[in-house]
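Residue numbers (the UniProt record's numbering), protein chains in the order written: chain Y, 1 to 419; chain G, 1 to 419.
FYI, nobody ran anything at the bench for these hints, they're computed from the structure.
The reader is advised that the hints may include incorrect statements.
Any copy, or any two copies together, can satisfy a pair, since identical chains are not distinguished.
List of simulated lysine-lysine pairs, DSBU-like, C-alpha gap at most 30 Å [claimed, not checked]: (1) K357 to K198; (2) K360 to K21; (3) K277 to K198; (4) K299 to K319; (5) K177 to K77; (6) K174 to K111; (7) K174 to K299; (8) K198 to K360; (9) K177 to K360; (10) K174 to K360; (11) K214 to K198; (12) K299 to K18; (13) K360 to K299; (14) K243 to K177.
Protein chains: 2
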Amino acid sequence: MVTTNKVNVEEQAKLAKKAAKTLSLLTTEEKNEALLTLADTIDNEYETILIANEKDLENGRQQGHDAAFIDRLTLTKERIEEFAQGLRQVAELDDPTGIINSDWVLDNGLKVQQITVPLGVIGMIYEARPNVTVDATGLALKSGNAIVLKGGSSAIISNKTIVEVIHRGLEQTKIPKEAVQFIASTDREATQQLFTMKEHIDVLIPRGGGSLIKAVVNNATVPVLETGVGNCHLYIDAEADVKKALAILVNAKTDRPAVCNALETAIIHQDWLSANKDALIETLRAHDIHVHGDSTIMKLIPGAVPASEDDWANEYLSKDIAIKTVTNLTEATQHIEDYGTKHSEAIITENQETADKFMKLVDAAALYHNASTRFTDGGALGFGAEIGISTQKLHARGPMGLPALTTIKYLMHGDGQIR
Amino acid sequence: MVTTNKVNVEEQAKLAKKAAKTLSLLTTEEKNEALLTLADTIDNEYETILIANEKDLENGRQQGHDAAFIDRLTLTKERIEEFAQGLRQVAELDDPTGIINSDWVLDNGLKVQQITVPLGVIGMIYEARPNVTVDATGLALKSGNAIVLKGGSSAIISNKTIVEVIHRGLEQTKIPKEAVQFIASTDREATQQLFTMKEHIDVLIPRGGGSLIKAVVNNATVPVLETGVGNCHLYIDAEADVKKALAILVNAKTDRPAVCNALETAIIHQDWLSANKDALIETLRAHDIHVHGDSTIMKLIPGAVPASEDDWANEYLSKDIAIKTVTNLTEATQHIEDYGTKHSEAIITENQETADKFMKLVDAAALYHNASTRFTDGGALGFGAEIGISTQKLHARGPMGLPALTTIKYLMHGDGQIR
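If we strip away everything but chain Y, and leave its shape as in the complex, we get:
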């Protein structure tokens, strides 16, 4: 294990802040050229990254991590090429800064512009996957921001090496390499220092499990863009089409159970359940979905186990599902309000009025009528790139593309106006 606890987090953040100023003066072309250079450097140095990754993998195996964990940590030549390709794609996206959202002239002649500008310094706190190191760096630089990266300890050698490669790449560009800072420490204190560094860090973005996100939200005085936890619901209304309902249930639950837009709880109207019990049971069995149910479900579905309070609140991230029965829409929306995480919620119904009411009453980033919750994703929605999925309401909600990494300035040009 590498533990370099003597990193000076504040010093790194200060360097990032200074680099952000230089970065904010670069043109779109200069930023794009830098991203392309970075992509080439990563392609050229893939072997260096693979060697570092092998050390992380060895540590991971020694610590007895499971196959899924090791898989997420594993880099290959192809995966590294995808990192580089991702940077080239970001270079092709529109620059989100320097856009004049609106401009007007006051009666006294003062010219007012509202213009988009970089946020400044982004603090990224994330867990195992090393791809975040490259993806987040690319999005930050494209939007004119410096970035301070604090990755998980299990990938620390890979991440540190990737950032060293990035630095070698940046040395050939107009972006100062200090714009990308990596906190090379496994010390929790290093992370906590980022929480309160308001002077040097403009926003913290945590990406990872619920406990990581909670720790950041509860302890940070730096503004946070909260991402990711998705306790998503599917409400099957009395007037739901059975084919759509079952196909969407299976897709949302089993396509990728471990991601945040996967389904965790189905809420089923009792009339629909009575009419479609056998089809539901057969579908669940065919797809190996393990049911945690309320008392009605326990009586109807063979093999179901009783759902506890925890079942309604947790993300399974597996092929488990909680199922609750209700007698009307209000019970359904109330359950979502009580247990939902404001991420993605779906209703299956042929009644447009019921669908509209559901969409008005339920408070979430993404609301679906007769479609799978799996579409809550920057890629699927055509955003080009995604820094995360916001479950908060301020600044950015739902999938966040490059514009989420900008703020605005009002620029006023006058010739002596006073009030």
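Given chain Y, put chain G in place with the hints provided.
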């Protein structure tokens, strides 16, 4: 003194959350009618409010508050009529909710809409002025939000009575009166409860002095819209026009010294200072401006006192000014970065290139070239109404009108799309 410490803050926040749901289903017309009814009710019941205000004033005098404090607290028939008129103006503004920002169709036929919706429940924590009670209520209701009000203890009887009047008005409308909650307690604990009530309150907006805002930012886990502290700078460049520079200095410093967009520090290029020393001295004397200066200023300006570290950092909110001399733009922007609060910063220069560089390098909500910082104000910029001036970068920056009280939802309409 009224101290009703047994208020149940959580219960009130829950009621607000419930009322927010009803409110979110109302039409623009229903909300506007309610605001007009509220305005009439306030006009009709002005005497009730005046009687309550007299009690606050008596308490204030007994506690030895100064004339300025008493003035801010004092209501008159005219001021109350202005409250009502303010509500009528808000009724005339465009509804910021229900606006489809963008919509598109995915290749699979899934229809995607990004639409503006109310935030939900706004927690407003504010100091003496009772007008905030009415202004914030009007803006919250117009944007479809419920509001929980926690005013300062010195105005508690006035505020409580105003909310009672608002409740009597709302009873005649489609807006549930529970949408406006007043925490009738002078207990600090009641305020602190609001800080962490994430389940029931969607955003906290503190309005008042620096210490109030700091307490909210440092202790709240509910997202905060940070408002108001303005340590504003005026940089007089070597190439500044002397008439513009002096007129703007006087206006920004003396027009209303106690507001957040007033000038606190002038940064003067030494070449300009050498050339225009006499005019500057004469202007400062004529307008009774008290100078705290660096060593250069101390030698030049009669009556100046030495500026300490505190002078550079604090808002005077009086006719005091700190003056620093510099030899170039970088020194000026560095000083602003070290001591500014990212509110409003101005440069006076006839050199457009210098002005543009200043505007790029300085990180603040509003940047002025040859104009007074006093224009950072929703009213002055034509926003129609203002809930506060944001000094943060996320969600809203600068003067915040009705759109700052909204968030977005993605609505997806499909016919069975899966991924």
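Check your understanding: What are the numbers of the hints that this structure violates, sorted from low to high?
Key -> Result: hints 3, 6, 7, 12, 13, 14 break, sorted rising.
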